[in-house]
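What follows is the residue order along each chain.
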Amino acid sequence: MKAVVTVMPKPAILDPAGVATGRAMEHLGLKGVRSVRIGKSIEIEVDGATEQQLHEIAHDLLSNPVVEDYKLQILS
Amino acid sequence: MAPIMKVAVIQFPGSNCDTDCEAALKSFSGVEASIVWHKETSLAGYDAIVLPGGFSYGDYLRCGSIARFSPIMGAVRDAANAGILVLGICNGFQILCEAGLLPGTLQRNTGLLFRCEHLHLRVDNTATPFTSVLHKGQVLDIPIAHGEGNYFADQETLRQIEENGQVLLRYCDASGNVTPEANPNGSLGNIAGICSHGRNVFGLMPHPERVCDSLLGGTDGRGIFQSMIEAIQKTKAK
Chain A
1 MKAVVTVMPK PAILDPAGVA TGRAMEHLGL KGVRSVRIGK SIEIEVDGAT
51 EQQLHEIAHD LLSNPVVEDY KLQILS
Chain B
1 MAPIMKVAVI QFPGSNCDTD CEAALKSFSG VEASIVWHKE TSLAGYDAIV
51 LPGGFSYGDY LRCGSIARFS PIMGAVRDAA NAGILVLGIC NGFQILCEAG
101 LLPGTLQRNT GLLFRCEHLH LRVDNTATPF TSVLHKGQVL DIPIAHGEGN
151 YFADQETLRQ IEENGQVLLR YCDASGNVTP EANPNGSLGN IAGICSHGRN
201 VFGLMPHPER VCDSLLGGTD GRGIFQSMIE AIQKTKAK
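Going line by line, the protein sequences match chains A and B.
Sequential numbering of the first sequence, starting at 1, is according to my numbering.
Sequential numbering of the second sequence, starting at 1, is according to my numbering.
Since the hints were derived computationally from the structure, they do not count as laboratory data.
Beta carbons: idealized from backbone N, C-alpha and C, even for Gly.
Do not take every clue at face value.
Residues of chain A clear of chain B, computed beta-carbon distances all greater than 10 Å [said to hold, decoys possible]: (1) Met-25; (2) Lys-40; (3) Ser-76.
Derived Cβ-Cβ restraints for the label pairs, each shown as a range [what the hints assert, rightly or not]: (4) A:Glu-43 to B:Ala-44: 49 to 59 Å; (5) B:Lys-39 to A:Gln-52: 25 to 35 Å; (6) B:Thr-110 to A:His-27: 17 to 27 Å; (7) B:Gly-100 to A:Glu-43: 19 to 29 Å; (8) A:Ala-20 to B:Asn-81: 51 to 61 Å; (9) B:Lys-234 to A:Thr-6: 43 to 53 Å; (10) A:Lys-31 to B:Asp-213: 31 to 41 Å; (11) B:Lys-39 to A:Ala-17: 45 to 55 Å; (12) B:Ala-127 to A:Ser-41: 19 to 29 Å; (13) A:Gly-48 to B:Ser-42: 28 to 38 Å; (14) B:Tyr-60 to A:His-59: 11 to 21 Å.
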């Protein structure tokens with residue numbers, strides 16, 4: 001099974017790295033930057049796992065539910 | 001004479017304040033401190049547990065997120081639930097939050113800088129096993145060294161820990177004023193350290209073990225360890 005877990009800071013959470021990166025984009029001439037949010041993309045290849053197990057891993061290990069949301073995509 | 005207090009200092013791969021904690025603890029008479037490798041599974045016989053600072057597992061994924069699943073953490077959780085004193089310093093605080101033994105989490109400093117400096121902390125609650133020898137409003141000079149010390153909890157959690165007196169230390173100026181300028185990392189409410197609802201688990205970003213000897217620039221960290229020793233003495237006297 002191949003899966004991708006995308007972890008993003010929750011919308012209400014300040015993302016200082018995203019803000020700093022957005023400023024750098026403006027510095028490089030990109031106009032009208034409204035928001036930059038930095039998250040993680042975790043690619044997983046695993047044998048014999050269930051979707052439920054991957055949800056548990058994404059919730060318990062790959063993300064911190066206090067400040068992050070995750071999205072699980074099963075690719076194959 | 002048997003030691004008054006036996007303390008386990010947990011060593012994770014990437015811990016780097018473990019021997020500092022051990023040395024600071026051993027500078028108190030009656031304290032026996034041992035380094036315990038994270039692959040161990042028992043903490044029987046210890047009166048207190050310290051999770052030291054460092055960069056466990058290289059801070060990969062999130063600070064403390066992998067260490068919280070180390071084999072020793074089952075025993076740390078059992079000890080915390082049994083009322084044993086658990087102190088988490090810096091990365092240890094992050095691990096306790098990731099493990100759910102303390103509420104909230106530590107995020108990236110708002111200024112993005114790794115802050116390594118002496119600063120001031122105001123003691124907000126002395127009715128705990130970690131702060132009993134200090135006095136309310138006392139200003140401590142204790143250094144920080146972290147890039148992810150920005151304390152965050154949702155509004156409801158924050159309200160609960162404030163109402164329940166779980167905020168023990170806040171960043172302040174030299175006179176004890178809690179101001180935005182004195183906040184090094186963006187922590188909500190200038191929070192530098194919180195304890196659990198039951199008072200026996202305490203996490204803080206500053207490093208008290210680094211100010212336990214005047215040769216090393218200060219002794220303001222000693223009160224926290226002294227409080228723990230006195231709390232354990234009282235428990236044993238019962």
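Which earlier hints turn out false for this structure, listed by number in ascending order?
2, 4, 8, 10, 11, 12
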